[in-house]
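J.: If you're matching them up, the sequences are chains A and B in order. Using the working numbering, read the first sequence as starting at 1 and increasing by one per residue. Using the working numbering, read the second sequence as starting at 367 and increasing by one per residue.
Keep in mind that the hints were calculated from the coordinates and are not lab data. On a predicted model such as this, the values are computed, not experimentally measured, just so you know.
Capping the alpha-carbon separation at 30 angstroms, the derived lysine-lysine pairs in DSSO-like fashion look like this:
#1 A:Lys119 <-> B:Lys485
#2 A:Lys119 <-> B:Lys486
#3 B:Lys633 <-> A:Lys84
2 protein chains.
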Amino acid sequence: MEYQKRIEKIQRTLRRQKLDAVLIGQPANRRYLCGYSAPDHGISESAGMLLVPADGQVYLLTDFRFELQAKAEAPTATVLLYPKGLLALLLALLPDLGIRSLGFESDYTLHSVAGALEKKCAGLGITTVPLTGLVEALRLVKEEAEIDRIRASVALNEAVFQEVYAQIRPGQTELELAIAIETCMRRRGAEYPSFETIVATGSRSALPHAVPGQVEVLENQPLMIDMGLVLNGYCSDMTRTFPLGKASDRYLEIHRLVRRAQLAGIKAIRAGVTGRTVDQAARQTITDAGYGQYFGHALGHGVGIDVHEDPRLSSRSGKRLKAGMVVTVEPGIYIPGWGGVRLENMVVVGNDGCEVLNSDTTWLDI
Amino acid sequence: MEYQKRIEKIQRTLRRQKLDAVLIGQPANRRYLCGYSAPDHGISESAGMLLVPADGQVYLLTDFRFELQAKAEAPTATVLLYPKGLLALLLALLPDLGIRSLGFESDYTLHSVAGALEKKCAGLGITTVPLTGLVEALRLVKEEAEIDRIRASVALNEAVFQEVYAQIRPGQTELELAIAIETCMRRRGAEYPSFETIVATGSRSALPHAVPGQVEVLENQPLMIDMGLVLNGYCSDMTRTFPLGKASDRYLEIHRLVRRAQLAGIKAIRAGVTGRTVDQAARQTITDAGYGQYFGHALGHGVGIDVHEDPRLSSRSGKRLKAGMVVTVEPGIYIPGWGGVRLENMVVVGNDGCEVLNSDTTWLDI
Chain A
1 MEYQKRIEKI QRTLRRQKLD AVLIGQPANR RYLCGYSAPD HGISESAGML LVPADGQVYL
61 LTDFRFELQA KAEAPTATVL LYPKGLLALL LALLPDLGIR SLGFESDYTL HSVAGALEKK
121 CAGLGITTVP LTGLVEALRL VKEEAEIDRI RASVALNEAV FQEVYAQIRP GQTELELAIA
181 IETCMRRRGA EYPSFETIVA TGSRSALPHA VPGQVEVLEN QPLMIDMGLV LNGYCSDMTR
241 TFPLGKASDR YLEIHRLVRR AQLAGIKAIR AGVTGRTVDQ AARQTITDAG YGQYFGHALG
301 HGVGIDVHED PRLSSRSGKR LKAGMVVTVE PGIYIPGWGG VRLENMVVVG NDGCEVLNSD
361 TTWLDI
Chain B
367 MEYQKRIEKI QRTLRRQKLD AVLIGQPANR RYLCGYSAPD HGISESAGML LVPADGQVYL
427 LTDFRFELQA KAEAPTATVL LYPKGLLALL LALLPDLGIR SLGFESDYTL HSVAGALEKK
487 CAGLGITTVP LTGLVEALRL VKEEAEIDRI RASVALNEAV FQEVYAQIRP GQTELELAIA
547 IETCMRRRGA EYPSFETIVA TGSRSALPHA VPGQVEVLEN QPLMIDMGLV LNGYCSDMTR
607 TFPLGKASDR YLEIHRLVRR AQLAGIKAIR AGVTGRTVDQ AARQTITDAG YGQYFGHALG
667 HGVGIDVHED PRLSSRSGKR LKAGMVVTVE PGIYIPGWGG VRLENMVVVG NDGCEVLNSD
727 TTWLDI
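Next comes chain A alone, as it looks inside the complex (with noise of 0.2 angstroms):
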């Protein structure tokens, strides 16, 4: 990946901001910069920090853990360890490199770590100053190399849903399905799934986020797989919702109802329009049919190293989707008792519309 372009980029945001370097600690910003692809273990638990300067060369701080992975995965960066801590590394190099300002993730930094770095520098005469969105703001809009990734990682999640698809059965329990799917994907090539695998039979399907238990599935009844990977660091997400046999009359209203939100989604979505309007599109569709009321969330998010990244298509977005920008449109209707539908594929944004990016068909179209 063309590490050294995006950290060019950063590097002249830093200068004309008046800043002499940036710590980078969000993990998927960090990869993107890099390619170190070491997660932290939760945020408390830094697998290390990018110091970008202005100028010049960029460092990788870590722990002697992750010394041998930070060498070999990010050969443009000089990898540095911190024996005592963060903090003690930096009050040592920030001088030595003549570092006199000093941006941080105000999203991705912990207020007590922000007040300690803040107290220590301004010690040193060091001023930090708390930014946003610095390598968010390039993350948004993918190249073709990280299109090509997406692309992929979709492709794959297909072959992974395809495979354990053809072998439900009446009586599995949700927690089978749900490591079926995880062991299918880890078997077939992926790193990890991009986010805890979702199996929700019958009304259980209502709850959107709902973790998969020792309950079977059963014949007639609604099931609910959302289900994503992570391949070469680009994630997928997707969404199918089929009755397991026979389904009901009303079943097939709503399902439908909810593919006909997911369609005028889509044919919303183009450059220039903003997340909002894409979400409104689908959600009128619903609202329409009297549903609106059970459909409690965004219609979509951005998807690209972090599974949840933005822009987002909710009612609280006014800014502009750009081509490039690869997002997913996932109506649904969860009732409570009764069961939930949703219906998730991911697009590219285009300048006159969008391209969808699965080619997976099943239970769409009904």
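For chain A, the structure is supplied; the task is to place chain B on it using the hints.
T.: Just chain B, lined up with the frame of chain A:
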């Protein structure tokens, strides 16, 4: 679990600190106080916040996707939804409850979120106060029922290890073994792995946090497996290293040294000693044998609802251990290009020593 008693302890602390309420978002803290088990999808996507007033009932604030799970799991809390985001709900709710001062978790609140909260609250005359360790302080010393759950988690983790260990053959890949372990965990009732399972063969075992790859495990080479699971909300964490086949003399020397260091650490553990003292007891054994530079991480960490929590057994931990704390003891020696050995058990701190929670003896005393 004793949610009400835990809440009352927090409320006493709030009253002592003259705070009207505290917001709890750290997932383990949230679960500890009310039973709600949904994980966050990273710190940027909270599955909810617990609002604990200094007096009276607690509120679990979440969104549509988690409503049913929140109500089912946290009956002691009043569940409120935030269709327009947490901040909007808080700004309506706090004045209604007469809250004039609001604590928040400095160690689990993003800099940007804390800033927005402070600003918006100030507009309503509400002061925000960063707190650290409020709930973590309670979680440090485990209740009997918690130790029972940890015991069960350790036992299941060992059973999974044994099941997979019996089937390991040269030619399998690290990834296959990691998948077999994680599949077995979930089949046998674990909620999920407590961290990404580590399976590292040969010289790759020199990476303390190796990611399992498409690499065949080789005969007469060391194999390191570090695995843990979550059962009923409580974590386990265990590492075994063993030669697959015949061990070289050098392997045996290093393995026995690591085990001696582990036993020295275990022997040093009892209420009243510092984490540093315990770390030093184990480290000295390795340093005396000339391998000090190859043991680059801390000796151990607390385990509970989080797999990595306080107390730490490290050269920087000056706090004294208390009876009822649960920690890992996991010395390691990692030689780049050759490989590594780590052995990890969990113990409960007692007044006169400690109790080792593991009963598995695979390749410990050789």
